[in-house]
Amino acid sequence: MWRRSKETEETAAGQAVIRKKSKVPGVMITQFMEKLPEGMSTPDFTRKPIALTIQEGKSGAFKAIVVGTPTPTVTWTRTKGEILFHPDLCLQKYDAASHEHTLEFPKVAPEDADTYKCFAANEYGRAVCTVVLNVIEVGFSMSKELNKTQGEDITDFRKKLKQRNPDGTREEKPMEPEEKVWEILLSADKKDYEKICIDYNITDFRGMLKKLTEMKREREEEIAEFVTHIGTLKPIDVQDDDCATIELDMDLKDPNSKIYLYKNGVMVPFSKEDSEGMKHSLKQVGNKYVFTIKKLGSEDAGLYSVDVGGVNVFSTDFKIAEVDFAVKIQEVKAEEREDALFQCVLTAPMSEIKWIGKSSPLSNSEKFEITASEDKLIHKLIVRDCLPLDAGIYAAVAGIKSCNAWLVVEADKDSAKKGKKTARKTTMAGVCNDEELKKIAKEQQERYDKEMERKMEIAKKAQAEREAAEAAAMVEALAAKKAAAEAKAAAKAAAKAAARSKKAAAGKDAAARKIKKKDTGAAGGAGSTAGSAGGAGGVGGAGGADGTAADSKAGAGTGAAIGPGGAAGAAGGAAGAAGAAGAAGGAAGAAGGAAGAAGGAAGAAGGAAGAAGGAAGAAGGAAGGAAGGAGGAAGGAGGAAGGPGSAAGGAGGAAAGTEVGGTGGAGADGQGVGGGEDEGLEDEFDEGDYDSFEDSELEGEEGEEGEQAEGGEAEGGVTRGRRGKDGPLVPDTVIENNIDEKSTDQPGEKSLKKEKRLKKKKVQIEEAVVAKNGELRDVERGHEPAAAGTDESAENGERAGGGEPAAAGKCSGRARQGPLIKETVSDPGVHFHAGLSDCKAIIGEAAELECKLSSEDCTGIWYKDGNEIKSSEGITISKDGSFHRLKIQKVTEEFAGTYKFEADGRKTEALITVEDPPRFVADDLAAFKTPVAVKRGHKATFKLHYIGREPIKVQWYLEGEELSDEGNVKIELLEGGSYLHLIKLQRKDSGEVKIKLKNEFGTTEAITQLVVKDKPTPPMGPLETVEATSSAIEFKWRPPKDVGGCKVDNYILERQQVGRNTWKKLGPIGPEPKYRDTDVDHGKRYCYRIRVETEMGLSELMETEDIQAGTKAYPGPPSAPKVVSAFKACITLSWSPPADTGGTSILGYNLEKRKKGSNLWGQVNDANEMIRDKGFAVKDVVEGMEYEFRVSAINNSGAGEFSTPSEFVFARDPKKPPGKVIDLKVTDSTYTTLCLSWTKPKEIEGVEDEAKAYFVEIRPAESTEWDRCNTNAITMNTYTVKGMKSMAMYWVRVIATNDGGHGQPQELENFVLAMPPPVRPRFTDAKMKSFMIVRAGNSARCNINFEASPWPEVIWLKDGTPVTKKVTISNAEGTSQLLIPTAERSDTGVYSIMVKNIVGQETFSIEIRVTDEPRPPGPVDIDENVPGTVTISWAPSPDEKHDDRLHYEVMSRDSHKPTWQTVAHRIFNNRFTACNIMPGREYQFRVYAKNDMGASKPSESTKWLIPLKKEKFTVKMPESKMCDLQSAPKFIVPLKMHVAPQGYECYMSCAVKGDPTPHVTWLRNNISLNTNTNYLISNTCGVCSLLVLTVGSKDTGEYKVVAENPLGRAESSTKLTVRE
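Going by my numbering, 1397 is the number at position 1397 of the sequence shown; the sequence numbering is gapless.
All clues stand as given, with none of them false.
Cross-link-like lysine-lysine pairs, in silico, DSSO-like; alpha carbons within 30 Å at most:
#1 K1536 x K1553
#2 K1396 x K1366
#3 K1047 x K1013
#4 K439 x K333
#5 K1215 x K1155
#6 K988 x K939
#7 K258 x K180
#8 K319 x K288
Worth flagging that the hints you see were computed from the coordinates, not collected in a lab.
I would like the entire structure built from these sequences, with the hints used as guidance.
This is the structure in structure tokens:
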């Protein structure tokens, strides 16, 4: 049972509301009426939406199924605001198959969390249910941060928008782009949001909407302070009169509120009236405000904003396209019911332009067709079915450019057709040469393309200059930053070097302990520090306690592993070691040697910086110099004690530095200096690299920007450890950096931008360092030792030492044992022409990697994930010249990984990704593609096995529609396969069956065909009769629409002779849809039945219409015979066969002749011999006689009708052509016609024969071809030429003709103008108004009729100057109209029309006064100067200066005469003196302003009183006695009986007296009527009346009047009888 609720809702009158609960929990139903019609029901949910709790970023959907009759409409709402339906935000869908209504969220966001309602409604009720969407936010919530920042941004932006002056105006400054876009969005329609976001590059659409909603809410509150209502808001609209308008409707709370207009944030001055001098003007009509921008130019583009009282109410963006008209539209003259065409060509492409017809915008419709060419340059307007009402001015507007032209519609002048609708014409007026337009458009397109290319070049040049300036600024900032950091590092390094020198000089025991502890020389550490600052290698010096060679070796080895200048440093270190050995004599010498070595190391850094020439090198040089200076100072004494060895060390260091990287300076006495290449700048430059000097706690191991690694790449900001082995040091083998430019950067190049490294080609170069003791060191500077073929990747992805990945944060060297070799300079080696490329491989298929080296002789090694691989089962490694290939025969998941190829120190890598997309088993797929054919009602099964990584989504489709497991469809999913069973198939189920597989790696599908066989449909008509003769009937038909999936085996035919009941079987006739029946009787009619036979059976039959065999159908008449030639003994004729052959072929013809004046026809040919040809030579003629001929056709049925007779022809030899006509002249002419007359040419025997007819030809002056006016020759000597163009020049000639041919033409001596005889212009109206008064806002129209010939020039002037574009001038034949659509006061003036032609001119003037009811005068003042008179003065009306006919009227009244009386009128000043002012009376005056339109509201004065001095007047009243007049109520006249007809009025009355006045109550049947509105009750001076407005049966009864006062009560009653 339904449970009704007592709650009600507000509904329409007469509509009940019943609320009840559904059987589905949570659904409430509202029923709109007590009882539902039969078969109707209220909406209800059979499946309601389910609450969702979903992770942010996932997709979600609410689904509901509703029922109800009629079908309910489903809508969705949410509690917080409105649902924004957008493809990226939210979608509402309906599935007709499952009847599901879906609200889908493609990507759930936190702001989507809310309570949603689903409504289902129809005309009988509504059902509603609620559902909640909860969103789980994951990780860092960008939306929250955005909300915070957006909230701050919105506040700041609102403050920015609200920055105004105290008077409410904006600050005088251009708008920022952000301000501009938000102001546009605030006034834009929702449908334009997406376009605006694209134009201004706004990507956060959801954030924009949220921000915009808050801004709109706040702006509405601000606008509400000044504006009551805002209506229509129209953006800028360009008109065809070179102006643009902005329209808005708003109701201001204060009419005096100031209105401002801004362009791009800058105030624009404007006038309130339409002033010629101001570019911008504002016109107000009621609540409608129209801003007008005149004389449009490109500078008028921008954002226009309208503010009221300091609040923005509307903004619109005015964009001006750079376009003009290359070809403007031209005037078109069209005949009535003919189409008219306007065409124009633009200078730049535009998808559409604005067309205006008679001041109204046009759009595509049945009447107007607007088209554009493919290149968007040629635009056309077609006016269909032109009528006289369509005539007028039509305009085309493109951007701010416009052009207009007249459409002249010439009415049909045929008097016989007046009042009748003429037939539609198929011709089109205004058509011009399309090829010429296309040529012009092509030229404009080329110009436009060139202009765009020029602009692109300018833009590219500006972009390049801007990028260059930015790069220069970046370089300067980077250099300054690096210089500051390097100066700081240099100072620190100098201080450390000095401290170390002091420590070294303190004693050899302390120095030895320090060397052993750190496994490197202190001096070498100092050199490393300075070398790091300069970006070059340092030199290890001897720093031992006793200056031994072993300690010096350690320092030298350390120096060798510093940077690219390592070789030079090693040489310097060797020399320093020799110096240290020579200075082994004492502690002072040792200390001096150590200090010298430190100075040498710093000097080496300086030399390297000098060689490189970079900013970092310069800083390093400064640091090296500083350190060298400190070292020299500290070790001066020691250097002297060191002796020759120290000197040698200094010299050696200097020499080594010069050889490799530049020139290094020698320190004071024993300080070696080495030079090196400056390769210290790395692509991945980081500011944090400078901090490594302060962060490192290992002495001598701090790197400022990054030490150089082999191959030209350096690790930035890392601490590097060094490791060396004992042994004599020899010079390094130097390998030139000849690295493939595609694989690595060139050494020494400095990159100022961070760029990604190439992934596909990774090449490494190693340098060989050889030691004296036979150990070959393959040093990768900055690396820890690693297993062969193993790549150690750093976290930051940087590469060190020839491109090998470095461990994050720390690297150390790697040494390898090898034989001792001599110092050599080797060839740069091979490089890669093409590196490895990443590859995606599918399981079970082959994969191949390939690279190309520069040399064919080089071999290499392949690695997988750091492990060397060789050819094996499943992997083939091959070499083909310089190509190296690795091929995997059958890929499995184990083959996924990183593959590297290494050859001659160069390396390249690639990644093989193994994928397992879904794939079909080949055998199954081949079987599946074979079409399946089953009979109707049977079932079909499709099976297909597949492989691929699970999970795999399987979908089956039939004719593009996805199938689900229900009804007659069964889908089975097995491991590695799927089955589709289709049960009880029908013919309509035939079609394409598709299976679609999808997993994470891809999608695949397979297609087959399902053919359901059934009986064919009947053949299709109509039947086409090929032949129907007396001996055979042949016909054909169309095959059946559906053959049931089988081929047609046979057609089964049956025949019935009309009139009989039996059918004769004709048997199967084969698969061709045609039949020839030869077993027919002449004249009989036959009917046929046709069936289709296939393997599935026979179709239903198709019965044909009756076909007659060999009907007696005679042929129709041939054409009239034409005379080919005529001689005195022979006349040759020809004719055409008849159109109607009677169903059979024409066998021949009969020819007859008749003499002129005779009624007898005689046959020309023999009766037994018909004429076979379509022509005949008649020889049986008499010379001089005139004959006519006729012919009939003969077929199997016999001879048909005769043709119409030929023209009469004489049996005589051919005549001579006639001569020229005589006295050719023009007798009359109009604008479109020309009347000619002439005299017959003379006949000259043997030379010129008599003329029988004439042809008239004309030729326009601009043409060279003659046009014949009459198709058929005329026999009259007069002719009227029609259809001429007004005022056009024509040449005219007449040609005489006869049987002998055409004579010579006779031309007029001069050309003829298509115009009437000249007539001086004159005005035809007998009574023309010369004065007109028009109310402002109305239209002013003036029609002037005139006559003139030729067509005159009509000029309208206003006050002697041409009228403005606002005034519309319409000229037609004999009339001209001046129209001011909306007249204003400024339109007042004298308008003159001048009509002139070549004969003369005529002028007429009319004064038009535009006025309105005047505004009232100002305050009225009263002054008394003379006793008895007062002077009334007032401020003039504001309209007085605009209206010279304005005057005033004064009215007065006094306390004795309450009515107003006119005391003066037609006052043209502002003063009036009133006389006869009597003392003691109070006077008041009104002043009216009057003009031709009426009077204004009055301005009233204050009341004026002259006190009256009165003498005392005493009256003695006689004493009187009080009389008591009180009495009880009494009816003087009682109520009477009333009989009233139904539907009429009934009036009852009575009279009552009493004192005090009694209270009267009317009653009907003792019920009071005083408050009943159906009765009109009155009581005037004791007369009581009651009026029944419409008497009805309900008004029958007793009516009573009761009168009561304190003294008593009286009653009077009557009865009302209603007569039907």
